[in-house]
Each structure stands twice: as structure tokens, then as C-alpha cells.
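A.B. asks: What follows is each chain in one-letter form.
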Amino acid sequence: QKEVEQDPGPLSVPEGAIVSLNCTYSNSAFQYFMWYRQYSRKGPELLMYTYSSGNKEDGRFTAQVDKSSKYISLFIRDSQPSDSATYLCAMTYSGGGADGLTFGKGTHLIIQP
Amino acid sequence: DAGITQSPRHKVTETGTPVTLRCHQTENHRYMYWYRQDPGHGLRLIHYSYGVKDTDKGEVSDGYSVSRSKTEDFLLTLESATSSQTSVYFCATTGTSDNEQFFGPGTRLTVL
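Protein chains in written order, with this note's numbering: chain A, 1 to 113; chain B, 1 to 112.
Think of the hints as simulated: they come from the structure by calculation, not from any bench.
We treat Cβ as the ideally placed atom computed from N, Cα and C, and that holds for glycine.
Check before you lean on any hint, since a few could be wrong.
[Stated by the list, open to error] Among the chain B residues that face chain A by a calculated CB cut under 10 Å, a handful are: (1) V19; (2) L43; (3) F90; (4) G104; (5) G106; (6) R108.
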């Protein structure tokens, strides 16, 4: 079983819809959780960063972490065609930068105009 | 933007040849990382560095070596490239928080 599971999609939704992207993980030692957006042939861009359980909101994006269920989510409100990209979840164990990130395989999101 | 550049951006090489990829950062961050991205596998950590001359292995380090002689540069070397090392390579550094990682634009490597 891979440590981080993420549905590859594609997920296609109409413009203006609320998008829900999810990851599950198996290792309860993960404490820091991130969401990245990656456009085709570009580097991953950090969208959201959260520590432990709870919600974090930034503009149209909300990240949610449920450590008891080992489940993280990213919600995108009022989705735009420019949100079309691959979304990667990532996580790491402890603070201090000494751990690399463990990534999901990414979900390909398409926002239809 | 963590001020990361990677060179070259694209490279085609032949099996058995040595290849060195360079990552350069302008923000003086302590941690630097090399990842590879492959279809069906996502991003995987190759090596990382926590300071000048301080490096450690990641998940997929076999066939790769790294060096960091200056804070701003982190080199990834394929001593003898194989076709299985055809991939997109990304460098990353931490930001103001050591738990956030920011990625460079990537190097697309093809080994024939």
C-alpha cells in the first residue's frame, strides 16, 4: 500500500463549481500537509500549508486535515478555467526541513468554461 | 518564488554517459532537495542537503550522487546514465518555514 493515495482523475467540473480534492495516507507520523498546483511542464507551486488537524483558508482555497481519519482535502470555490492543472498533496513527518516530502500522484483537474 | 533556477532545462544524452544537473538558489536557504517526477509515480525524493557538504539519501538515491560546496548550489550527478533515469528532475528549497518547500522549473532529461 502506497503511503499517500490520490485519485488521478481527470476530474472535470463546470466553471463556478466547488471542487473537492482529497488524499488519504497510511502513516500517522505525518504532521505537516501541503497542496501544490502544477501546470503542464512547470514546477509545482505551493498553494496551502497546514500543520496537524484543522482548516485553513486562503482566498478561494480551503485546506482541511483530519488526522484521525488520515484524510486531507482541498476545496476550491468559484472555480475558474485557470484552475485547470494537476493538484498534488504532500506531507512530511517532523519540523526542521530534514525530511523530504511524500507526495500523492496528483489529481488532474479540468474546469470547463 | 524561492529564487530557484535549474540548468540545463532540457538535456538528451546517451546511456553510459555522465550527467550533472545544477540547482541554484538566491535566498541562502539551508535545505535543498532533488526530486524526480515520473508518470505513475509522482514526485520522489532522490537526495537532500542540510548545509554545505551535508547531504543525505532519499527514497530513490541509487545511481545518483550529489554535492553542495556552496550554500547556493546543489549538484545532482548521474555517474553513468541509464534509460530508467529518463525523467523530469526538480530542485526544491525551504522557505521562511523549514517545513515549506518551493520548487524550481525542472530539468527534462532523456537518456537514449
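A.B. asks: Next step is simple, just say for each hint if it's right about the structure.
C.D. replies: Do the hints match the structure? See the list:
Checking V19/B against chain A: minimum C-beta separation of about 20 Å lies over 10 Å; hint violated. Because the smallest distance between the Cβ of L43/B and any Cβ of chain A comes to about 4 Å, under 10 Å, the interface hint for this residue holds. About 6 Å separates the beta-carbon of F90/B from the nearest beta-carbon of chain A, less than 10 Å, and the hint is met. Using the Cβ-Cβ criterion of 10 Å, the hint placing G104/B at the interface with chain A is satisfied: the shortest such distance is roughly 6 Å.
A least Cβ separation of about 5 Å between G106/B and chain A falls short of the 10 Å threshold, and the interface hint therefore holds. Because the closest C-beta pair between R108/B and chain A is about 8 Å apart, less than 10 Å, the hint holds.
When each numbered hint is compared with the structure, a violation occurs for hint 1 only.
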